[in-house]
Every structure is written in structure tokens, then in C-alpha cells.
Amino acid sequence: MRRIVISEFVSLDGVVEDPGGAEKFKHGGWSFKFRDGQVPKYKMDELKASDSLLLGRVTYEEFAKAWPSRKDDVGFADKMNNMHKYVVSTTLKKLDWNNSHLIKTNVVEEGQEAETAAGSGHSGLR
Amino acid sequence: MHVSLDGFVAGPNGEIDWVRFDDDLVEDVQALVDSADTALFGRVTYRLMESYWPTAADSPTASKHDLDHSRWLNPAPKIVFSRTLKNVHWQNTRIVKDHIGEEIARVKKQPGKNLILFASPTLGSTFMSLDLIDEYFFNINPIVLGKGKPLFRDQNEMRRLKLLESKTYKNGVVSLRYRGGN
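Chains A and B, in that order, are what the protein sequence lines are.
Numbering of the first sequence is given in our numbering, commencing with residue 20 and proceeding in unit increments.
Numbering of the second sequence is given in our numbering, commencing with residue 220 and proceeding in unit increments.
Pulled out of the complex, with its shape left as it was, chain A reads as follows:
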């Protein structure tokens, strides 16, 4: 059985909003102020251990805008663009990002199906 793993940037007081700076939050982009050599390797290892991405609407929209045009030497962007994406939303109509699947209802059943589907490692939620 595959595992669901939740991965978040979080401040000491529990704020997860806009770590990357694209959401216009007053303090947006705060997670990048603490980047060092270890963070990209950690994120790469985490991504390698996963083969599906689970996203909510807000993060999906941000990612779908940012990732398709990205390229890098270690293959991070390629994997992000090619892996399965499951997006949970009742309002999104159509997903343009490569290999994205919309989950509108029955989140629990669909999630269980994704968990038992053939695949390596676990699924990462953001």
C-alpha cells in the first residue's frame, strides 16, 4: 500500500501561507529566506520517493502556472511536469498541466484508489 505524505513549509507559529511569494501575502516568500544547500537536496529526495502529487486548487493553480516552463539540471522540473497530479476541487473545470486528474467528489474513495494503484513509493501532498 502506498502512503500519503504531507510536506509543508511552516513558520514556528504555524503559518503555511505563501512560502514562495506568488500569493501576494504581506510576508510572502518567507521560506526562501532560509534556503541553503540542504533544502534542494531534501526536496529532490522527497520528490524521487514519490510518483504522484496531491494538490488543492490554490497550490495547483500556482504550480500549473510556474512549472511547465521550468527546466533544471537535476530533473526536478521534468519530474514535477511528468508525474501524476491529483487535484481536489469542486470549482475547477479543466486542468491544463500535463498528467493532471481532477477529483471533484468522493475524495476518500478516489484517494484510496490512488493509494492502492500500482506505483512506486508514496504520494506527496505539496
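Calculated from the structure, these hints are not laboratory results.
Among the hints, a few may not be true.
[Said to hold, decoys possible] Sample of chain A residues with no beta-carbon within 12 Å of chain B, all distances over it, derived:
{"no.": "1", "residue": "34"}
{"no.": "2", "residue": "42"}
{"no.": "3", "residue": "43"}
{"no.": "4", "residue": "78"}
{"no.": "5", "residue": "81"}
{"no.": "6", "residue": "97"}
{"no.": "7", "residue": "98"}
{"no.": "8", "residue": "100"}
{"no.": "9", "residue": "103"}
{"no.": "10", "residue": "122"}
[What the hints assert, rightly or not] Here are the simulated lysine to aspartate or glutamate pairs, EDC-like style, with alpha carbons at most 16 Å apart:
{"no.": "11", "chain 1": "B", "residue 1": "366", "chain 2": "A", "residue 2": "32"}
{"no.": "12", "chain 1": "B", "residue 1": "381", "chain 2": "A", "residue 2": "32"}
{"no.": "13", "chain 1": "A", "residue 1": "45", "chain 2": "B", "residue 2": "243"}
{"no.": "14", "chain 1": "B", "residue 1": "368", "chain 2": "A", "residue 2": "32"}
{"no.": "15", "chain 1": "B", "residue 1": "381", "chain 2": "A", "residue 2": "55"}
Since the model is a prediction, treat every value here as computed from it, not as a measurement.
Built from N, CA and C at the ideal position, the CB exists for glycine as well.
For this one, chain A is given, so just place chain B on it according to the hints.
Here is chain B on its own, set in the frame of chain A:
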């Protein structure tokens, strides 16, 4: 300060039964306490402590921690910050009603060891807002409480901290020590 992963220091009714505090943690906390010679409290925590520590060492079931901490805490100077508290019944305790910043500045100038603020989340938030904290020590417990008394109350400003030390305990607690400032 013992904190849940979601940033609460107590449940909605003050519950702290979820706090994991076993021998190797006790040892490190004791070292922290030994670096101080004065205890600071808010009213609520003070009341709880006053009802327990003066006689804690007398109980036949007192633990080693009870004995060690009693020996330190009972004779130590204690300052309670409260506008409403009228009387205190614990040795070497005084009440400070207002002008917290001035009072702390005055006490810090006196010779002696560190001043340690125990639990007291409301007072802790006030101290944070007034920029009075030089060092933070949090024990993050592996639990999500969902609701309760928050560690960071009414903090509207972004505040940068410097991580001094982190340690992972076998019981799942992660302790984080930060330098304060902004």
C-alpha cells in the same frame, strides 16, 4: 515551554496531560533551570505552581524531579506579573502590576544568573511583544491538539529568530532553542 505541533501550550481547559516529560528531558530542563536564579510567572501559572511546589517535596511519592525542582524553586526569587492578584502565599514572591519593561530592565542589571519564564503563555506573548526575551526554549510534542491555549497570541509583527540548538528525544519530542530579537 511544552508545545503541541499546532502551537498550543494547553488544551481548552488548561489540560497538560499530553506533555511528554521523561528522564532525559528532565535532565536538560534542569540544566536550563540551573542557569537561572529567578522565576517569572503570569497569574494563572503562578496560582497552579503555588498550590503544588511549596509542599511537593514533602509527599512520600515525590519524584527526583520534584525534589530537585523544589530545592531550586521554593527559595528562588519569584516575580508574578498581574494587575488583579492581591496576595501571594509563597516565600520570596512579589507582584509586579505594571511597567513590565522597566521592571525587567532593572532586574536584568542586577548581578545574578538568568531569569526564567515558566509556562505562562499570556505573559510570554506580552514579553515577546515588548521584545524582552533573549532566548526561547520550546519542547515540541508529537501531537496535534486542534484547539487550546495558543503559544503565540496577538503577535502581529514578523519576528526573526536564530536557531541555537535542536535536539530530538526518543519519546518524539523535539526541543528547539532560539535567540530572540527581531
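query: Any Cβ of chain B at or closer than 12 Å to residue 78(A), or is the non-interface label fine?
result: holds (20 Å)
message: Please verify that the nearest CB of chain B lies beyond 12 Å from residue 81(A)'s CB.
response: holds (22 Å)
task: Just double-check residue 42(A) for me: nearest Cβ-Cβ distance to chain B has to come out over 12 Å.
output: Holds, since 16 Å exceeds 12 Å.
message: residue 45(A) and residue 243(B) were given as a pair; does the straight-line alpha-carbon distance stay at or below 16 Å?
response: violated (41 Å)
message: Beyond 12 Å on every Cβ pair: is that true for residue 103(A) relative to chain B?
response: holds (28 Å)
- prompt: Regarding the assertion that residue 122(A) does not contact chain B, is the least Cβ-Cβ distance greater than 12 Å?
  reply: Its Cβ never comes within 12 Å of chain B, the nearest being 24 Å, so this holds.
query: Can we trust that residue 43(A) is non-interface, i.e. its beta-carbon lies farther than 12 Å from all of chain B?
result: holds (16 Å)
- prompt: Once the closest CB in chain B is found, is it more than 12 Å from residue 97(A)?
  reply: holds (33 Å)
field: Outside-interface status for residue 34(A) - nearest CB in chain B farther than 12 Å
entry: violated (10 Å)
Reported absence of residue 100(A) from the contact zone with chain B (all CB gaps over 12 Å): holds (32 Å)
field: 16 Å Cα cutoff - pair residue 381(B), residue 32(A)
entry: Roughly 15 Å between the alpha carbons, so the hint for residue 381(B) and residue 32(A) holds.
task: Take a quick look at whether residue 368(B) and residue 32(A) sit within 16 Å of each other, Cα to Cα.
output: Given that 16 Å is the threshold and the Cα spacing comes to 13 Å, the pair holds.
Figure legend: structure checked against the earlier numbered hints; hints not met, in rising order: 1 and 13.
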